[in-house]
Amino acid sequence: MTVDASRGADAPPELVQLLTPEGERVEHPDYDIDLTPEEVRSLYRDLVLVRRVDLEAVALQRQGELGIWASLLGQEAAQIGSGRALTDADMAFPTYREHGVAWCRDVDPVKLLGLFRGVNHGGWDPAEHNFHLYTIVIGSQTLHAVGYAMGIQRDGANAATIAYFGDGATSQGDVNESFIWASVFNAPIVFFCQNNQWAISEPLEKQSRIPLYRRASGFGFPGIRVDGNDVFACLAVTRQALKNAREGQGPTLIEAFTYRMGAHTTTDDPTRYRVASELEAWKLKDPIERVKAFLVRNELADQAFLDSVEAEAEDLGADLRRRCLEMPDPEPLEIFDHVYTGPHALVAEERAQYAAYLEGFER
Amino acid sequence: MSVLTLSKAINEGLRKAMEDDPKVLIMGEDVGKLGGVFRVTDGLQKDFGEDRVIDTPLAESGIVGTAIGLALRGYRPICEIQFDGFVFPAADQIITQLAKMPLRSLGAIKLPVVVRIPCGGGIGAVEHHSESPEAYFTHTGGLRVVACSNPADAYSMIQQAVRCDDPVIFFEPKRRYWEKADVDTSSTDWWTPFDEATVVRQGTDVTLLAYGPMVKTCLEAATAAQEEGRSLEVIDLRSLNPLDFPKVMESARKTGRVVVVHEAPVYNGFGAELAARITESCFYHLESPVLRVGGFSTPYPPSKLEEHYLPDLDRVLEAVDRTFTF
Ligand SMILES: Cc1ncc(C[n+]2csc(CCOP(=O)(O)OP(=O)(O)O)c2C)c(N)n1
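Keeping their order, the protein sequence lines are chains L and S.
Sequence positions in the first sequence follow our numbering and run 1 to 363.
Sequence positions in the second sequence follow our numbering and run 364 to 689.
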C-alpha cells in the first residue's frame, strides 16, 4: 500500500499549480487559463476583500459581538478560485467556512454574521444567490448537493452543483454515500474538498492514509489535487470540472491542498496540537501575496491600484463592523416563527402561552 | 476531598476507570492532544497512550459502530460525542445495534459501551450545539440513560457507567462543566447507585423533578421560594432509564404537587412520562395536575433567544404558583 498523506508545506508532485508562491506563472498540460489583466486584478481584489471580511469578523468575535467565528484565513484562493468558476445557474452547497464563496455569490457579508452572532440560523435566501445555507453538521450538505444535481439533470438544465467540505468530512458516512450516489447517477456535481490539513485538532492522517483526491477513483469518478493557495489553478480546475459535469460527464472530486492559518474557530486553541513552524512554512505560500507578486512582477498593477484595494478593504471592514453592531436582537416571540409554513396548533398554543407569560412581567 | 469542576470530576472518574481496568478505552473526535473541546479528556492520552485514548476519524456512526465491535472483543469503550446535535449520525448504530444486540444474542453478548454526550444549552453556541436529545434514547429499550448534574455525581456516575455491562448513554450538562464542588476521590462509600434518584432538597409543598442542567436551576428556585414561605422538594432523577419511580412517587404523595423541569421540548418530552406515571399511581394524592416546564416545540433557537427557550428560575416559580391555582 502506498502511504502518502503528506501535509508538509512542500507541494506534493501531483498538485496542479499555475502560479508559484513567488508569483511566477507556470504551465500545466491539462489545465490552462487565459486571464486578462483586468480579471487578475479582480481576483486579487476578491482575495483581499474576503480576507478583510474575515479579519473583521474575528475582531468582532474578540469584542464579544459574535459568539463564534470560523475563519477562512489561508483558504481565500481555494474559495475565490472555485467560487469564480461558477456560473449564475450553478448551485453551491457550503459548510460554515465558505465566506469567500458567499462573496462570489453576492451574499452581503453582514448576512454571514447572523448565524455567528446568534440572531438567526441562516440569514439569506439560498435561491436568490444559488448559494445554500451554511451547514454545521459535518458532511450533511454533500447529499443535498447530489440530490439537487440529480434535479438539474432531470430538468435538463445547463448547470451543475458544487459541494464544499473539509478533509475531516471525508470520513463521514454521508460524504461517502454522496460519492456513491453521484457516481451511480452520474450527477452533475463537483465535490470541492478544502484540505486545510486539520479537523479541529486532528491532522489529516487521522482521516486518511492516501491523498484525498485518490478516494474518487474507488467510487468511479476522477479526482484531482490542486494547489489550494493558487487562485488561478483553483479557478481553472473547478471551471473544467463544472464544465464536465454540465456536459454529462458526471462528478469530479477536487482536493484543494491548502492550510487553515488560524484556529479552527475562535473557541479553539491550536497551540495545544500544532507546532508554530508549520504555520510559518505555510505563510510563505500565502494565497494573496503570490497574486500580488504576479501583478507587480508583470506590471499589471501599480501602487495606486494596490492602495485602492487596500482602501476598499478598510471601508468594507468598517462598514461590516457598523452594520454588525446595528443588527437588532430578535424578538422573543420570533422563536415561534417559520417552524411550519402555515398555522400549527401546537406552536400557536405555546406562542400564546409564552406571550401571556411575558406580559405578566410587564404588568 | 478535592474541589473539582464538573468537567475535571469526569476527567478524574475516567482516569480512575482506566487505571482500574486495562480494557477501558476512550474514543472520539479530538479527545487526544486537545483533550476534547471541553477538555474532559485532558491529559489522558498523555498518560494512557494513543492506543487507549483514541482520536478517531470524524464519523460518529463509525465511533459507536467500532465501539460495539471492540466491546464484542472484550473492551469497554467510552465514546465521546462532541456535541448533542452530532449524536444523530450515530443514532442508527445506537438504536438498531447497541441497544438490541444483547437481546438478539439471548444474553450471550454484553455491550459495555458508554456514549458520553455533552448536552443542553445556555452557552451561546450555534445550531446543533445545545440540544437535549434524551427522549430519543429513553424511548429505546436496551439502553441505560443517565444524566449527571454536579461534580461528585459526575465522578461516581461515570465510573459506574463504565463498569456497567449494559450500554449507557451518559449525558453531561455542558453549561455546568465549569461549576465546582467537593468530591471525595478516596472512597466509594458515598456513591449512590447510578440508577437511583436523589432528593437533593427536602420540602413539603411542591416536588420539583429535574435532571442534568436543570437541577441547579430548581435548587435556586427552591431557595427563592423559601423566601416566599414555600417549601419545595427537589429530586435529581439522575437515571432516566431505568427511572427510580418509587422515590418520585413517595415525594409526589407527600407534597401532592409536582412540577417537572427539563430543557428539552415539553411536547413528547421526558416529562410526559413522569406526568403520566404520577397521575396513574398517585391520582388521589394529587392537589393539582403535574405541570411541565421546558423548551418549546420549535427547533432550538439562535443563541440570542435561548434565555427565552430555556427554563429559568422565573418560569419554574410561575409553574409552582400555578400548582396552587387548581
Ligand atoms: C457530525 C459532526 N460531528 C462533529 C462536529 C464538530 N466539528 C465541527 S467542525 C469539526 C472539524 C471539521 O473538520 P473539516 O471537515 O476538516 O473542516 P474544517 O473545519 O477544517 O474546514 C468538527 C469535528 C460537527 N460539526 N458535525
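Incorrect hints may have been included.
Unchecked claim - Here chain L is said to cover these stretches of chain S; the calculated rule only asks that three of the stretch's residues, wherever they fall, bring their Cβ under 8 Å from a Cβ of chain L:
| id | region |
| --- | --- |
| 1 | 390 to 402 |
| 2 | 502 to 513 |
| 3 | 582 to 592 |
| 4 | 640 to 653 |
What the hints assert, rightly or not - Residues of chain L placed beyond 12 Å of chain S at every Cβ, according to the derived structure:
| id | residue |
| --- | --- |
| 5 | R25 |
| 6 | D32 |
| 7 | E38 |
| 8 | G67 |
| 9 | G122 |
| 10 | S201 |
| 11 | L279 |
| 12 | Y340 |
| 13 | L346 |
If you're looking for bench data, these hints aren't it; they were derived computationally from the structure.
Just so you know, these numbers come straight off a predicted model, no measurement behind them.
Don't be surprised by glycine CBs; every beta carbon is placed ideally from N, CA and C.
With 12 Å as the threshold, tell me whether E38 (chain L) passes as away from chain S on beta-carbon distances.
-> holds, 39 Å
Would you say G122 (chain L) is clear of chain S, with no C-beta pair closer than or equal to 12 Å?
-> Violated, since 9 Å does not exceed 12 Å.
Outside-interface status for L346 (chain L) - nearest CB in chain S farther than 12 Å = violated, 5 Å
Given as covered by chain L, does the region 502 to 513 of chain S meet the bar of three residues or more with CB within less than 8 Å?
-> It is violated: at least three residues are needed, and the region 502 to 513 of chain S offers just 0 whose Cβ sits closer than 8 Å to chain L.
Would you say G67 (chain L) is clear of chain S, with no C-beta pair closer than or equal to 12 Å?
-> violated, 5 Å
Any Cβ of chain S at or closer than 12 Å to S201 (chain L), or is the non-interface label fine?
-> violated, 4 Å
Given coverage of the region 582 to 592 of chain S by chain L, checked by CB-CB distance under 8 Å (3 or more) = Since three or more residues must qualify, the claim that chain L covers the region 582 to 592 of chain S is violated, with 0 doing so at under 8 Å.
Taking 12 Å as the cut and beta carbons as the points, is R25 (chain L) off the interface with chain S?
-> holds, 37 Å
Are there three or more residues in the region 640 to 653 of chain S whose C-beta lies closer than 8 Å to some C-beta of chain L?
-> Answer violated; 0 residues pass the 8 Å Cβ test.
Please count how many residues of the region 390 to 402 of chain S have a CB within 8 Å of a CB from chain L and say whether that reaches 3.
-> That given contact holds, which follows from 7 residues of the region 390 to 402 of chain S lying within Cβ reach (below 8 Å) of chain L.
Does the no-contact call for D32 (chain L) survive, Cβ to all of chain S over 12 Å?
-> holds, 35 Å
Claimed clearance of chain S by Y340 (chain L), with the beta carbon kept past 12 Å = The claim breaks: Y340 (chain L) does not keep its Cβ more than 12 Å from every Cβ of chain S (closest is about 10 Å).
Figure legend: structure checked against the earlier numbered hints; hints not met, in rising order: 2, 3, 4, 8, 9, 10, 12, 13.
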